[in-house]
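Given these sequences and hints, build the entire structure.
Per full-length UniProt numbering, the very first residue in the sequence shown carries number 1; after that it's consecutive.
Don't read these hints as lab results, they were simulated from the structure. The beta carbon of each residue, even a glycine, is placed where N, CA and C say it ideally should be. There may be inaccurate statements among the hints.
Pairwise CB distance ranges, derived in the manner of DEER restraints [unchecked claim]:
1. 567 with 83: 43 to 51 Å
2. 105 with 548: 42 to 50 Å
3. 572 with 433: 31 to 39 Å
4. 162 with 548: 56 to 64 Å
5. 508 with 210: 53 to 61 Å
6. 560 with 260: 57 to 65 Å
7. 281 with 57: 55 to 63 Å
Below, computed lysine-lysine pairings styled on DSS-like, alpha-carbon distance capped at 25 Å [stated by the list, open to error]:
8. 460 with 409
9. 424 with 498
10. 161 with 242
11. 101 with 58
12. 82 with 265
13. 424 with 588
14. 551 with 460
15. 460 with 82
16. 462 with 424
17. 265 with 287
18. 551 with 577
19. 82 with 50
20. 261 with 293
21. 82 with 58
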Amino acid sequence: MALAQSKEESSQIRSEADSIKELYYASGEENLDYLGSLIVYEANPDSLLKYGEIYLDKALRDSLDNHISSANSMIGYSYKYKGDLSKALEYFLESLRYAQKSGSMEAQGRSYITIADTYSASENSQNATIYYRKGIDILEQENDSTALGSAVFNAGDEYLKLGKLDSALLFVERAQLIFEKIDFELGQAFCLGNMGMIFAEYGDKISSESRINQAIEILEKYQEYYPISDYLNYLSNIYLEKGDRQSALAYAQRSLELAGKYGLKDQISEANLLLSTIYESLNNSSKALEFYKKHIQYRDSVKNIQAVQEMANLRTDYEVSQKQAEVDLLESEATIATLRAKRQTLLLYGVLLMLILVALLAIGSFRRFKFEKETKKIIEEEKNRSEELLLNILPEEIADELKVYGKVKAHRFNSATVLFTDFKSFSTMAEIIAPEQLVESIDYYFKEFDAIVEKYGLEKIKTIGDSYMCAGGLPTETARHAFDVVRAGLEMMDFIKKPKPEGIVQFEMRIGIHTGPIIAGIVGVKKWQYDIWGDTVNIASRMESNSEEGKINISGTTYEIIKDEFECEYRGSVEIKNRGIWDMYFLKG
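Rendered as structure tokens:
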């Protein structure tokens with residue numbers, strides 16, 4: 001169980017990201033320290049990648065090794081959050097190279113730990129332990145006990161995965177001493193939990209349960225239910241392997257109860273699978289099948305449906321074999337009876353036996369037919385659902401190209417119109433209202449924006465925090481995309497100004513629009529996202545940041561296209577670095 005930030009910590013630091021961005025733009029986009037601090041405060045991978053690339057470009061231009069190291073690390077984290085660990089590792093190794101070049105021991109130590117964490121996430125414990133040791137050697141010389149304690153703990157966790165229990169215990173006990181010294185209670189809880197797993201591996205049930213229960217008591221105080229459920233599942237697995245089925249059953253049931261209470265789907269799935277395995281080992285086939293079915297309810301792939309079919313087939317075969325045994329017994333009894341009865345009695349039993357066999361075969365065939373029919377229906381429903389999900393993520397033309405060729409070529413559009421929105425004081429509101437209310441409010445606005453975008457035949461690109469981005473003129477080129485985007489922007493602004501239902505936060509909003517050439521496509525092989533790139537995107541973003549609350553700011557390029565049909569007001573120009581001076585207009589209606 002690797003040590004990570006608590007939910008409370010994550011919530012606190014995420015609220016700072018928007019403030020950092022505002023300070024960065026207010027500084028004239030030259031303060032690299034603001035960009036570097038986003039690595040701590042930004043949790044959105046797309047936003048982290050966007051600002052990381054800006055940061056790296058500026059740092060390379062000025063040959064600042066320490067900032068180049070930090071920028072590479074920032075981009076690496078964005079790919080790690082997206083699940084592309086191979087790509088993330090490339091950037092983290094580059095970050096280490098520049099950290100060594102800069103001579104900063106602290107940066108080198110953190111780079112080693114980051115690389116180790118990535119190897120750990122890739123389940124490469126051998127390499128992870130090597131880099132943890134290198135990072136720990138450096139961090140021991142620095143004045144950062146929290147970072148050192150976390151690194152020592154994670155190294156112990158990797159030794160536990162490798163089955164090196166003595167080394168694992170040594171590192172975890174050392175981490176606990178560090179956390180006790182700095183009074184980091186949550187870190188102590190994770191140490192106690194891992195000690196419990198180590199003692200369970202040793203077969204010391206009393207010491208194991210004692211430390212697990214101490215860990216759970218602390219974790220419950222911090223509302224960290226995810227690791228609690230993981231610890232319980234881990235202990236269940238250990239005791240099942242050791243043949244202590246009752247202890248395994250108790251821990252799995254406790255984990256399932258906790259995971260169900262707090263909606264932890266991964267743990268619900270794991271606990272149900274454990275219970276299925278335990279009951280199977282207890283020869284309770286009906287219970288095993290019951291929990292296995294619950295397990296696959298939380299899995300979303302055709303492979304799991306096939307697994308259910310195999311499980312059901314096993315049970316059907318078991319039932320048929322049981323019936324066959326009964327038939328064999330009847331046959332044996334009938335044979336004995338025929339020795340004492342007349343030939344007519346023998347004939348009667350033979351007929352009855354044949355009827356029973358035919359009935360059993362008919363029942364078995366019907367059950368198998370019914371099951372296969374239901375399974376095919378489930379597979380078809382899952383296929384349709386996957387198709388709908390793909391079309392919800394990608395435009396239909398792009399999805400069709402992806403299904404046919406397995407990849408999508410980037411397309412250049414000579415003219416497209418890009419729109420950005422941004423809510424005023426979003427970061428401030430995020431600090432004073434409940435997270436649930438904030439998410440509900442953003443969902444309320446963005447659902448309406450989605451409907452407006454669909455109405456005008458535009459393409460939603462993505463949302464980044466409280467920012468909404470869409471474009472017209474793609475993936476199919478259109479002649480009047482600028483007009484369509486402007487009309488959509490006006491409807492969005494009208495919707496923002498209308499009174500909102502109770503519980504929905506009333507925001508003010510800025511909009512920026514620009515027209516120009518772009519490149520569009522998808523990258524990577526996982527978690528596809530249709531995205532656009534080019535100066536047009538950056539200029540549209542600047543139009544939004546230079547707009548005012550309640551107004552739509554359009555570039556001179558867009559103005560020249562739509563000026564005959566819409567009333568606009570010239571409001572000056574803005575210099576965009578490396579892109580010249582751009583006229584700006586407020587769209588009046």
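Hint compliance check: list the failing hint numbers for this structure, sorted ascending. none
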